[in-house]
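Trainee: Residue numbers (full-length UniProt numbering), protein chains in the order written: chain A, 1 to 215; chain B, 1 to 215; chain C, 1 to 215; chain D, 1 to 215.
Since the hints were derived computationally from the structure, they do not count as laboratory data. Heads up, a few of these hints could be off.
The list makes no distinction among identical chains, and a pair is therefore deemed to hold if it is satisfied within one copy or across any two copies.
In silico SDA-like links for lysine to any residue, alpha-carbon gap of 25 angstroms or less [unchecked claim]: (1) LYS30 / MET116; (2) LYS143 / GLY32; (3) LYS143 / GLU96; (4) LYS36 / GLN22; (5) LYS143 / GLU176; (6) LYS36 / PHE206.
There are 4 protein chains.
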Amino acid sequence: MTHFTDLLDGYQRFRTADYRRQRERWEQLKDGQSPKVMVIACSDSRVEPAQIFDTLPGEIFVVRNVANLVPPYETTPGLHGVSAALEFAVTKLNVEEIIVMGHGACGGAHAALTEMFHDAAPGDGGFVHSWVSILDEARERVKAKFGSGPEASREMELETVRTSIKNLRAFPFIPEREQSGRLTIHGAYFGIAHGELWVMGEDGEFSSQLKAQAA
Amino acid sequence: MTHFTDLLDGYQRFRTADYRRQRERWEQLKDGQSPKVMVIACSDSRVEPAQIFDTLPGEIFVVRNVANLVPPYETTPGLHGVSAALEFAVTKLNVEEIIVMGHGACGGAHAALTEMFHDAAPGDGGFVHSWVSILDEARERVKAKFGSGPEASREMELETVRTSIKNLRAFPFIPEREQSGRLTIHGAYFGIAHGELWVMGEDGEFSSQLKAQAA
Amino acid sequence: MTHFTDLLDGYQRFRTADYRRQRERWEQLKDGQSPKVMVIACSDSRVEPAQIFDTLPGEIFVVRNVANLVPPYETTPGLHGVSAALEFAVTKLNVEEIIVMGHGACGGAHAALTEMFHDAAPGDGGFVHSWVSILDEARERVKAKFGSGPEASREMELETVRTSIKNLRAFPFIPEREQSGRLTIHGAYFGIAHGELWVMGEDGEFSSQLKAQAA
Amino acid sequence: MTHFTDLLDGYQRFRTADYRRQRERWEQLKDGQSPKVMVIACSDSRVEPAQIFDTLPGEIFVVRNVANLVPPYETTPGLHGVSAALEFAVTKLNVEEIIVMGHGACGGAHAALTEMFHDAAPGDGGFVHSWVSILDEARERVKAKFGSGPEASREMELETVRTSIKNLRAFPFIPEREQSGRLTIHGAYFGIAHGELWVMGEDGEFSSQLKAQAA
Numbered sequence: 001m002t003h004f005t006d007l008l009d010g011y012q013r014f015r016t017a018d019y020r021r022q023r024e025r026w027e028q029l030k031d032g033q034s035p036k037v038m039v040i041a042c043s044d045s046r047v048e049p050a051q052i053f054d055t056l057p058g059e060i061f062v063v064r065n066v067a068n069l070v071p072p073y074e075t076t077p078g079l080h081g082v083s084a085a086l087e088f089a090v091t092k093l094n095v096e097e098i099i100v101m102g103h104g105a106c107g108g109a110h111a112a113l114t115e116m117f118h119d120a121a122p123g124d125g126g127f128v129h130s131w132v133s134i135l136d137e138a139r140e141r142v143k144a145k146f147g148s149g150p151e152a153s154r155e156m157e158l159e160t161v162r163t164s165i166k167n168l169r170a171f172p173f174i175p176e177r178e179q180s181g182r183l184t185i186h187g188a189y190f191g192i193a194h195g196e197l198w199v200m201g202e203d204g205e206f207s208s209q210l211k212a213q214a215a
Numbered sequence: 001m002t003h004f005t006d007l008l009d010g011y012q013r014f015r016t017a018d019y020r021r022q023r024e025r026w027e028q029l030k031d032g033q034s035p036k037v038m039v040i041a042c043s044d045s046r047v048e049p050a051q052i053f054d055t056l057p058g059e060i061f062v063v064r065n066v067a068n069l070v071p072p073y074e075t076t077p078g079l080h081g082v083s084a085a086l087e088f089a090v091t092k093l094n095v096e097e098i099i100v101m102g103h104g105a106c107g108g109a110h111a112a113l114t115e116m117f118h119d120a121a122p123g124d125g126g127f128v129h130s131w132v133s134i135l136d137e138a139r140e141r142v143k144a145k146f147g148s149g150p151e152a153s154r155e156m157e158l159e160t161v162r163t164s165i166k167n168l169r170a171f172p173f174i175p176e177r178e179q180s181g182r183l184t185i186h187g188a189y190f191g192i193a194h195g196e197l198w199v200m201g202e203d204g205e206f207s208s209q210l211k212a213q214a215a
Numbered sequence: 001m002t003h004f005t006d007l008l009d010g011y012q013r014f015r016t017a018d019y020r021r022q023r024e025r026w027e028q029l030k031d032g033q034s035p036k037v038m039v040i041a042c043s044d045s046r047v048e049p050a051q052i053f054d055t056l057p058g059e060i061f062v063v064r065n066v067a068n069l070v071p072p073y074e075t076t077p078g079l080h081g082v083s084a085a086l087e088f089a090v091t092k093l094n095v096e097e098i099i100v101m102g103h104g105a106c107g108g109a110h111a112a113l114t115e116m117f118h119d120a121a122p123g124d125g126g127f128v129h130s131w132v133s134i135l136d137e138a139r140e141r142v143k144a145k146f147g148s149g150p151e152a153s154r155e156m157e158l159e160t161v162r163t164s165i166k167n168l169r170a171f172p173f174i175p176e177r178e179q180s181g182r183l184t185i186h187g188a189y190f191g192i193a194h195g196e197l198w199v200m201g202e203d204g205e206f207s208s209q210l211k212a213q214a215a
Numbered sequence: 001m002t003h004f005t006d007l008l009d010g011y012q013r014f015r016t017a018d019y020r021r022q023r024e025r026w027e028q029l030k031d032g033q034s035p036k037v038m039v040i041a042c043s044d045s046r047v048e049p050a051q052i053f054d055t056l057p058g059e060i061f062v063v064r065n066v067a068n069l070v071p072p073y074e075t076t077p078g079l080h081g082v083s084a085a086l087e088f089a090v091t092k093l094n095v096e097e098i099i100v101m102g103h104g105a106c107g108g109a110h111a112a113l114t115e116m117f118h119d120a121a122p123g124d125g126g127f128v129h130s131w132v133s134i135l136d137e138a139r140e141r142v143k144a145k146f147g148s149g150p151e152a153s154r155e156m157e158l159e160t161v162r163t164s165i166k167n168l169r170a171f172p173f174i175p176e177r178e179q180s181g182r183l184t185i186h187g188a189y190f191g192i193a194h195g196e197l198w199v200m201g202e203d204g205e206f207s208s209q210l211k212a213q214a215a
């Protein structure tokens, strides 16, 4: 089991190996970041974008929350964390691509589908329940089509990606840049069971990136 | 420059190497996650917790947003993303430690200190401005003590950690678990310029973890 | 500059990270090795087979000497180091493939081509001179065709592979196994200047494995 | 099971990841190698120095043969592979340290101790038998002291290191450099069963480098 002391050991490894081996890269990163890609992923400990995409420091600007959700565009006062990150990445850092990545066995998607925390108080599931209400519309579609079996679970997980992308496009600065070709949005899905990555096409359907040799 | 196609190449590397080399680990992760540590870090592309702490899939549950902020505890209706992640990690996954990690050259801390987006509309800095208002109190303390030079910048970055930890403790389920010894909270700070990790003591002061040999 | 103390630091990283992450693999390796591949490579610090082929512990049985040479088959008494390794790998471990890998900027091939240590005493180049006499025949071919410019250097490096493979086949237990399909021999060449790997075809010519995307 | 095609896949990973990430290092290595350390290790697939010491390309000049043996100093004509590598590393590359690393479960040490290939023909164990005759003296010492149980096996493995170091010092250019402080020789032993590295002291005894935390 990993604890903070293990993380500190891990830091010593990072510092004596990776950091020194990329000294030149870090020299450049001192002066600022200029990632071209933003990734919105789940907080789940199994879906680390830097691991799944084998990236280097400085390459991806990352938001992680329960179920990789982008809330609807709202300008009412309040603490809009995802909106702030999005605004910063797109309009200040000028990222050129945004990837929303869902995943299999997602606890947040499960909570959305089952409404398991329906009556829970804050601190007992209530916060999760409110947060995944972003998926309310998607849930109704999924249940209408698939009921509540395993197919529904997977569909719900894919819907986290589709819903977030739909919400992304409600931020005026997004479609504006998409139309002028300065920004592209991608959907992806990591199937934990087989380590399989799926990429969403323009039709909203997902296709596997797993090559035969690696199966 | 890294784009989505590079990430897909990276996925092929991950799938043919790391994934296969940790087949046993992934076999266990299929059935669910059980991380013992939650990390709250900045979205900045240079401060990837999995890289800095050299962790494995399944080891850390991660929230990432602008300036690694935990908003104040609020039970008013709304989409509280960090609260949902916190509730899920602490009360459902039973993580035993939470690490809040700030970092040097933080754009969010800079925006808080300078109020540079004070009059900006949503989409032009307004979302960032609202989000970093979480740091309003801290900013006043920092400016009173350090004015607005480089010392103030660094202090503001350390304040993101202290403020988030203070806010964490306003969630009733946090101090409850801290007092019974089931949960520990740590503050950390990654200085990009020298790859130096600092850890916060009980007095709120930070001490370097950089060993002589790795300097 | 790397010294033994750095290697000991490196061991601590290996032990706390890679070793633990492959615990299951090491559990199996405790009881014995069963590599399917033998690699004969140069001692040069830049051509580490485990790095270039990204292999794991237990995967390749490795001989390394100056210029990746296999001496001619000889049964006269004496200390035949490569013959011993070959015999052990092929007839005891039953490896199914042998790869001989040459490389660019090879000091041993250079010494063979230029005969620079022609009159050198043992300890002053004499041992190298004797050792690379394995390439005497090849040198004459190379010089006849290419003189002594850069083309000759490269051809000499490729000849280290062809000569070693020819010598391999003089060991009776090699062609015997090749003919019955139990053993395959491959030639390869690592061009340091561009990190390009070349693989030898049945005609003795080498073709690049560098894909466009990685160039 | 790993075959040549897997090695070629591994090369693609190396080329698209490690090679590109160390572009600056490879730029320097193009012009020549200047390792400060030479490692003499066994061909066994489980004891890869670059993995155990977590080194980078260019850092260690490596000889690998059965049982990590250095033959006695001989100036009679012949193909002295280890002598050539040693001469090149010490007198041409000016390495400052030589490490001889033995290991547990060593097939070569086992063959030396048991004389299992005593009557074997070349190609059937005869080459191995001749090669490990370098250890004849050591075997007698070991058998006199430990008989032939597991203690004897381990002692025989340690003796491969001590014998090689003794033989190293018969090469005139070695003690000459040791005495003037330009060269240091180290003995090491990798215990496969627990991933434990042992380092030889001046008294020829080995002490563990395994720290409590990594056990």
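Trainee: Next, verify each hint and record whether it holds.
Mentor: We went through each hint and held it up to the structure:
no.: 1; hint: LYS30 / MET116; in the structure: between (46 angstroms within a copy, 21 angstroms between copies)
no.: 2; hint: LYS143 / GLY32; in the structure: between (46 angstroms within a copy, 24 angstroms between copies)
no.: 3; hint: LYS143 / GLU96; in the structure: neither (35 angstroms within a copy, 36 angstroms between copies)
no.: 4; hint: LYS36 / GLN22; in the structure: both (19 angstroms within a copy, 21 angstroms between copies)
no.: 5; hint: LYS143 / GLU176; in the structure: neither (34 angstroms within a copy, 38 angstroms between copies)
no.: 6; hint: LYS36 / PHE206; in the structure: within (23 angstroms within a copy, 32 angstroms between copies)
Hint check: violations occur at hints 3, 5; the rest are consistent with the structure.
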